[in-house]
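Asks: Okay, here's what each chain looks like letter by letter:
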Amino acid sequence: MGEWWTTETSMENYEISSISHVTMSPSRRNNLVSMYSFPLSKSSYSVISAFCTEDNIPQCISYINQELASLGLSSTCIEAISPGDTGLSTVPALNAMYELLQIHRRSMCNLEELEREQLRKSSTLEHIQMSNTRLKDQLELSIREKSGLHETERQLQLKIKTLQSCLKTEKDEVQKLQSVIASRASQYSHDAKRKEREAVKLKERLSQLLIDRKDKKLAIDVLNCLGRADGKRRHWKTTKATSSHEDEMYKSLLSDYEASQRSLMLENAELKKVLQQMKKEMMHILSPRQPSTRGATADDSQEQADLDGEAKGGDASRESLDQYCEHAREQLTNSIRQQWRKLRNHVERLDSQGTSQNQLESNKEVIPRETHEDEMERMRCEVQQCREFIHAQQQLLQQQLNTSFDDETAALLNDCYTLEEKERLKEEWRLFEEQKRNFERERKNFTEAAIRLGREKKAFEEDRASWLKNQFLNMTPFTHRRRYSSSDGQSALSISKSVASNGLNLTKITASLRVEYL
Amino acid sequence: MNFSEVFKQTNQLCKVSPDGKYLATCVQYRLVVRDVSTLQILQLYTCLDQVSHMEWSSDSLFILCAMYNRGLVQVWSLEQPDWHCKIDEGSIGLVSSRWSPDGRHILNTTEFHLRVTVWSLCTKAVSYIKYPKACQKGIDFSRDGRYMALAERRDCKDYVCVFVCDDWHLLRHFETETQDLAGLEWSPNGCVLAVWDSCLEYKVLLYSLDGRLLSTYSAYEWSLGVKSVSWSPSSQFLAIGSYDEKVRILNHITWKKITQFEHPAIIDNTKATVYKEAEKRPGVGSDEMPLHNITMGATLFNTQSKYEICPLPVQIPVVKPDPDRASPKIGISVLAFSSDSRYLATKNDNMATAVWVWDMQKMSLEAVLEQTSAVRCFQWDPLRPRLALCAGNTKLYLWSPGGCVSVQVPTEGGFQVQSLNWHCSGDSLILLGKEQLCLCYMDTDQEDNCSPDKNM
Chain A
0 MGEWWTTETS MENYEISSIS HVTMSPSRRN NLVSMYSFPL SKSSYSVISA
50 FCTEDNIPQC ISYINQELAS LGLSSTCIEA ISPGDTGLST VPALNAMYEL
100 LQIHRRSMCN LEELEREQLR KSSTLEHIQM SNTRLKDQLE LSIREKSGLH
150 ETERQLQLKI KTLQSCLKTE KDEVQKLQSV IASRASQYSH DAKRKEREAV
200 KLKERLSQLL IDRKDKKLAI DVLNCLGRAD GKRRHWKTTK ATSSHEDEMY
250 KSLLSDYEAS QRSLMLENAE LKKVLQQMKK EMMHILSPRQ PSTRGATADD
300 SQEQADLDGE AKGGDASRES LDQYCEHARE QLTNSIRQQW RKLRNHVERL
350 DSQGTSQNQL ESNKEVIPRE THEDEMERMR CEVQQCREFI HAQQQLLQQQ
400 LNTSFDDETA ALLNDCYTLE EKERLKEEWR LFEEQKRNFE RERKNFTEAA
450 IRLGREKKAF EEDRASWLKN QFLNMTPFTH RRRYSSSDGQ SALSISKSVA
500 SNGLNLTKIT ASLRVEYL
Chain B
0 MNFSEVFKQT NQLCKVSPDG KYLATCVQYR LVVRDVSTLQ ILQLYTCLDQ
50 VSHMEWSSDS LFILCAMYNR GLVQVWSLEQ PDWHCKIDEG SIGLVSSRWS
100 PDGRHILNTT EFHLRVTVWS LCTKAVSYIK YPKACQKGID FSRDGRYMAL
150 AERRDCKDYV CVFVCDDWHL LRHFETETQD LAGLEWSPNG CVLAVWDSCL
200 EYKVLLYSLD GRLLSTYSAY EWSLGVKSVS WSPSSQFLAI GSYDEKVRIL
250 NHITWKKITQ FEHPAIIDNT KATVYKEAEK RPGVGSDEMP LHNITMGATL
300 FNTQSKYEIC PLPVQIPVVK PDPDRASPKI GISVLAFSSD SRYLATKNDN
350 MATAVWVWDM QKMSLEAVLE QTSAVRCFQW DPLRPRLALC AGNTKLYLWS
400 PGGCVSVQVP TEGGFQVQSL NWHCSGDSLI LLGKEQLCLC YMDTDQEDNC
450 SPDKNM
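Residue numbers (numbering that gives the first Met the number 0), protein chains in the order written: chain A, 0 to 517; chain B, 0 to 455.
The set of hints was computed from the structure by calculation and includes no laboratory data.
On a predicted model such as this, the values are computed, not experimentally measured, just so you know.
It cannot be assumed that every hint is accurate.
Derived pair list, reagent style DSSO-like, types lysine-lysine, alpha-carbon separation capped at 27 Å [said to hold, decoys possible]: (1) A:K250 to B:K275; (2) B:K319 to A:K167; (3) A:K271 to B:K20; (4) B:K279 to B:K305; (5) B:K270 to A:K194; (6) A:K239 to B:K123; (7) B:K255 to B:K319; (8) B:K275 to B:K328; (9) B:K255 to B:K305; (10) B:K136 to B:K156; (11) B:K156 to A:K200; (12) B:K319 to A:K170; (13) B:K328 to B:K279; (14) B:K305 to B:K433; (15) B:K256 to A:K192; (16) A:K194 to B:K328; (17) B:K156 to A:K192.
Construct the complete structure from the given sequences, taking the supplied hints into account.
Replies: Next up, the structure:
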């Protein structure tokens, strides 16, 4: 059965597929019929004979009944006329066939309907698809339009901003102009008012004068005329004088111009000298680098040589021309510019090389760096040495101060250091003692002398007193007393002279007294 | 620094003779001549009325006293006190009077600037100059005294007349390209005449002695223009101060601007030192008041002050002028070069308490001095780069490249210094108050020893 179905279905499939392709054609039924007739005519017998044979009639019948039952046609059952007979009972068979036909027809109608429906649906689908694409296009278009509009809006906004700023500046300017106008107007009005006031005053004065008419004469009243400031006489006003004034004026102008021209020329010469010097120095700065650099500055050296030759050759003659020739001046400035450009390029190159730290090319750097490094090393060594030295000094100092660890040697050391001082000190002490002794001795002498002097003085006083007493007594008429008093004067004989002079004075006084008395 | 005693004066009329020996003061209608070193009265003259203007002749032998109310000018002689001279302008009135450079002629400007009368004291002759212009500075004498430039206004046009002072011969007469000439000034070497327009138009014209126009300079249009002009003593620079608070410097070779100095309210980004005056009030009964202050007669109201160096940025107080009024208080009104042309001192009317000192060698700001009150007057020492200024209070301020000092004027009763004048030798200063004057003698050896915080 299964095989039959497969072959059947394959055939059926072909038919159905052919049917489905032919959905559009109106003469479907005919086709169907023809389809029907087609397999019936051609291969129907073979198919049917495949399903049902003389042998399996009852199985076929039962199978068909089953199928009919499954289809829902329970009423009709195909039965054999008699078992074991090859014939069928016609009525149920025909009913079954009729029902099957009905079913078929119905299904055909359904199919038709469905096909029609499908057709309709597909057309609507197409229609919708078309409209969809159309709408999509429209959408895209409108999106593009929108973006375009956005763009224009943005530009317009920008334009608005610039216009607003312009407007602001214009407003500011207008304000400024207005303020200027206002200030000018106020100044004008102020001036006009001033002039008006003056005019009014003039008018008043004029009227006053016309009325007054007293006419105070203007006059100068000088006691005596003065001489001129420079003492010379006044000159007559002649044309010669006026022309001499003109001459003087022009002379002073000319001298001023000459002076300024001289100073300008000096300045010019100075500046030129400076420029020449600068040029020479720049060339000098650029040239020593030649031996150290081989590759990079080869072109430089060439140019250098050129310019050097130029300079050496033309310098002497150029210097004399410089003052007068503008062309030479230009040449000088141009050459300076060139040199400066070269120097600048050179420095820039050095800078870039320095930053890139390219060891191979920077010959000119290695050497300075090396020397730099050497210098640094040397200085470090020096610093180290100094430090060590200081450290040693410190240690020694500490050793000196720390006497605790060895008293004897420390004492000895101390002694050694202060020996000289001690000796000196001893010497001084000795001197001092000696002087002290001398002083003591002298003091003793002086005190003794003083004592002696005191005693002598006392003695002298006593002597004098007695001598005076003597004199006085001698003056008296009692002459017999004279002898007693003269013995007292013996001890003071050494100082006799002064005593004598004193005595003379005293006698003079006493004489005068006597005279008075008498 | 020594201060003399205080003398009376009226009208700020106090002048030292050109030879530096005598000091003439006017007290009401009297003219007092003193010796500068001893301040003893040498001569005393009596004028007919209160003196409005007083001037020494160039040879220091005569003094002119002008009385504008009466239209009279009296001239006195120092050598012969009996000699007298009286010039009566009569009904025509007198507005200004001055000496000619030779000291033998007097130029009187009549009222309403109708004419300038030239009186000769040698011959009693009179000359007239017609149509003089009434402006800020209409007459200027060259420094050597040979030429006089006079501004003339005829038929609504400005002219300049150049006279030879010898015999008042008109040397040159030329029209100027100004709308309304405001002033003219000779360069110190006498070869160039700077002429400037009124403030409504910024225009400075430079004429050679023979009347040729050398150059015109105009910085901008429409806004208010030139306020003040000054030549440097070496004649190398011409400084123009204008209402836009800037000073422009022209050079004498090309007459083009070489630099401009601005006066911003906030000073920043400069190597200049800003000195700010700081007052230190002595507290009542504080220990700080040293004895010598008390003995010098300082009252509690005489506040000591000193200068402090302010770190940048510094803000200078600005007073905005009234926009409706004419001649607004804004712009550079005073320019002064030091005698060696090294420094330029300027004052911006907007910032009346500040004096700006510019270095002309470096063309940059050197120092700014900010005072506590508005600066009244400042003047350079005639010999050294030393600036003296006063601010209407009892102090005298000195600036030099070494530093700044504030000195209290030790007078009783408070002497408000309104203006000052240097003696021609640079050794002393004459301080003028409202009705008083005082001399200040500098120590000649202490030139640059002023430091910012030293107080004397």
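Asks: Next, verify each hint and record whether it holds.
Replies: Hint check results:
1. A:K250 to B:K275: violated (50 Å)
2. B:K319 to A:K167: holds (24 Å)
3. A:K271 to B:K20: Judged against 27 Å, a Cα distance of about 49 Å means the pair is violated.
4. B:K279 to B:K305: At roughly 8 Å apart (the allowed maximum being 27 Å), K305 (chain B) and K279 (chain B) satisfy the hint.
5. B:K270 to A:K194: violated (47 Å)
6. A:K239 to B:K123: With a Cα-Cα distance of about 24 Å, the restraint between K239 (chain A) and K123 (chain B) holds, given a limit of 27 Å.
7. B:K255 to B:K319: Violated, at roughly 31 Å.
8. B:K275 to B:K328: holds (23 Å)
9. B:K255 to B:K305: violated (41 Å)
10. B:K136 to B:K156: holds (17 Å)
11. B:K156 to A:K200: Measuring from Cα to Cα gives roughly 23 Å; hence the hint holds.
12. B:K319 to A:K170: Holds. K319 (chain B) to K170 (chain A) sits at ~22 Å (cutoff 27 Å).
13. B:K328 to B:K279: violated (30 Å)
14. B:K305 to B:K433: holds (24 Å)
15. B:K256 to A:K192: Violated: K256 (chain B) and K192 (chain A) sit about 35 Å apart, past 27 Å.
16. A:K194 to B:K328: holds (22 Å)
17. B:K156 to A:K192: It holds: about 20 Å lies between the C-alpha atoms, which stays within 27 Å.
Of the numbered hints listed earlier, those contradicted by the structure are 1, 3, 5, 7, 9, 13, 15.
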